[in-house]
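The chain contents come next:
2 protein chains.
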Amino acid sequence: MEKKIITISREFGSGGRSVGRKVAEKLGIPFYDKELVDQVALESGFAPKYVEENGEHSPGKSMFSYAFASQGVPGIMSGLSTADFLWNIQCNVIMQLAEKGPCVIVGRNADYILKDRSDCLHAFIHADKDFRADRIVRLYGESEKSPESRLNEKDKRRRVNYQHYTGRTWGESRNYDICLSTSRLGVEACADLIVALVKANKE
Amino acid sequence: MEKKIITISREFGSGGRSVGRKVAEKLGIPFYDKELVDQVALESGFAPKYVEENGEHSPGKSMFSYAFASQGVPGIMSGLSTADFLWNIQCNVIMQLAEKGPCVIVGRNADYILKDRSDCLHAFIHADKDFRADRIVRLYGESEKSPESRLNEKDKRRRVNYQHYTGRTWGESRNYDICLSTSRLGVEACADLIVALVKANKE
Numbered sequence: 001m002e003k004k005i006i007t008i009s010r011e012f013g014s015g016g017r018s019v020g021r022k023v024a025e026k027l028g029i030p031f032y033d034k035e036l037v038d039q040v041a042l043e044s045g046f047a048p049k050y051v052e053e054n055g056e057h058s059p060g061k062s063m064f065s066y067a068f069a070s071q072g073v074p075g076i077m078s079g080l081s082t083a084d085f086l087w088n089i090q091c092n093v094i095m096q097l098a099e100k101g102p103c104v105i106v107g108r109n110a111d112y113i114l115k116d117r118s119d120c121l122h123a124f125i126h127a128d129k130d131f132r133a134d135r136i137v138r139l140y141g142e143s144e145k146s147p148e149s150r151l152n153e154k155d156k157r158r159r160v161n162y163q164h165y166t167g168r169t170w171g172e173s174r175n176y177d178i179c180l181s182t183s184r185l186g187v188e189a190c191a192d193l194i195v196a197l198v199k200a201n202k203e
Numbered sequence: 001m002e003k004k005i006i007t008i009s010r011e012f013g014s015g016g017r018s019v020g021r022k023v024a025e026k027l028g029i030p031f032y033d034k035e036l037v038d039q040v041a042l043e044s045g046f047a048p049k050y051v052e053e054n055g056e057h058s059p060g061k062s063m064f065s066y067a068f069a070s071q072g073v074p075g076i077m078s079g080l081s082t083a084d085f086l087w088n089i090q091c092n093v094i095m096q097l098a099e100k101g102p103c104v105i106v107g108r109n110a111d112y113i114l115k116d117r118s119d120c121l122h123a124f125i126h127a128d129k130d131f132r133a134d135r136i137v138r139l140y141g142e143s144e145k146s147p148e149s150r151l152n153e154k155d156k157r158r159r160v161n162y163q164h165y166t167g168r169t170w171g172e173s174r175n176y177d178i179c180l181s182t183s184r185l186g187v188e189a190c191a192d193l194i195v196a197l198v199k200a201n202k203e
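Those sequence lines, one after another, are chains A and B.
Quick note: the first sequence uses our numbering, first residue 1, plus one each step.
Quick note: the second sequence uses our numbering, first residue 1, plus one each step.
Keep in mind that a hint or two might mislead.
Because identical chains share one entry, a pair is satisfied inside a single copy or across any pair of copies.
Listed next, the in silico SDA-like pairs over lysine to any residue satisfying Cα-Cα at most 20 Å (straight line) [claimed, not checked]:
1) K4 / R168
2) K202 / T169
3) K154 / E172
4) K156 / T169
5) K100 / P147
6) K199 / S183
7) K26 / D116
8) K202 / G186
9) K115 / F131
10) K34 / Q96
11) K129 / E172
12) K199 / D119
13) K129 / D116
14) K129 / R117
15) K156 / F131
16) K4 / G186
17) K202 / D192
18) K22 / A196
It should be emphasised that the hints constitute simulated quantities derived from the structure, not laboratory data.
Given these sequences and hints, build the entire structure.
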């Protein structure tokens, strides 16, 4: 079965987004990352920044975001929590994008949301902590927290969110068709492998 | 860094051994599976059958195997349990094989034993339960137990053994450079991907 939709799940700082962008470029198909966030923002009424921060993370330490975010947002009126409301919109947007045709979708538990489609290739991109720590400082700059604690916090929030909405364990190989380490293989090689796999399934 | 040693860890019934054999054939390098068992048997004094059954599994229900297996085996005299004695010999044999040159090593926690070598490519092969159940009946025949319970038992014993000796979680993508699903991608395609990766690292 031809694999038209490629979902890329990734550890923070692993370069999974770059892998996804390269795969989309090499295959000449749309790459949904920022566009997906914008669409969810449009349909939910949340600010894009809020969707980006909370669409694949369990809530951080501050619970104020819940209260503020819910001001005037219609989903809250139906009794759903902010997180559940966001999850529902995200599911719809991702399923609609997949219906539109071949594409690469990064993050947001798309592997689970599209698990029943046989035309998807689900990839997980991970990397050693040192590689990721170095990468986030280069890409996003320093902060008052150590790179190590920034990674731990993001990892934890993604893991909890994934477990909560999918019942699966984050990073478990069985959830994916292919898992690759960018720190061991390189970003370019990971993209090439995924492209080779998609092309092999076309033949 | 060139990847000369390829370790293949695999779920029971996934076809990981076939992937390993194909990779070795395509690269023209030795394939260690039965040979590894024979070498461990030779160095430990255990029967090959015993090594094969217990080298990567936690003990099954019967504890008699412990008592019988230890008759006259020298390692037991040093106070090690049968399992720990077998583990030590296996570590030595695997490290010696890796020293000999390029090869493919299947199973026996070789990914962990060789984790400090940078010239290794560590692969994990898994598959859906239906695919595995069908495969074990075709390869090993029917038994009084259902294929499902045979899979569950083997999975559990490998998971416990791996966790005990490595402190890692069995099947977690972070332990490997590449994880592949044979039920989704096919045995041949998985072998081709690993070969492509090894060749790309040579260039």
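Each hint tested on the structure:
{"no.": "1", "hint": "K4 / R168", "in the structure": "neither (24 Å within a copy, 34 Å between copies)"}
{"no.": "2", "hint": "K202 / T169", "in the structure": "neither (31 Å within a copy, 35 Å between copies)"}
{"no.": "3", "hint": "K154 / E172", "in the structure": "both (17 Å within a copy, 18 Å between copies)"}
{"no.": "4", "hint": "K156 / T169", "in the structure": "both (12 Å within a copy, 17 Å between copies)"}
{"no.": "5", "hint": "K100 / P147", "in the structure": "neither (38 Å within a copy, 40 Å between copies)"}
{"no.": "6", "hint": "K199 / S183", "in the structure": "between (24 Å within a copy, 18 Å between copies)"}
{"no.": "7", "hint": "K26 / D116", "in the structure": "neither (26 Å within a copy, 34 Å between copies)"}
{"no.": "8", "hint": "K202 / G186", "in the structure": "between (25 Å within a copy, 14 Å between copies)"}
{"no.": "9", "hint": "K115 / F131", "in the structure": "between (30 Å within a copy, 17 Å between copies)"}
{"no.": "10", "hint": "K34 / Q96", "in the structure": "within (16 Å within a copy, 50 Å between copies)"}
{"no.": "11", "hint": "K129 / E172", "in the structure": "both (17 Å within a copy, 15 Å between copies)"}
{"no.": "12", "hint": "K199 / D119", "in the structure": "within (13 Å within a copy, 29 Å between copies)"}
{"no.": "13", "hint": "K129 / D116", "in the structure": "between (32 Å within a copy, 16 Å between copies)"}
{"no.": "14", "hint": "K129 / R117", "in the structure": "between (33 Å within a copy, 18 Å between copies)"}
{"no.": "15", "hint": "K156 / F131", "in the structure": "within (18 Å within a copy, 33 Å between copies)"}
{"no.": "16", "hint": "K4 / G186", "in the structure": "between (24 Å within a copy, 17 Å between copies)"}
{"no.": "17", "hint": "K202 / D192", "in the structure": "both (15 Å within a copy, 15 Å between copies)"}
{"no.": "18", "hint": "K22 / A196", "in the structure": "both (13 Å within a copy, 18 Å between copies)"}
In summary, the numbered hints that this structure violates are 1, 2, 5, 7.
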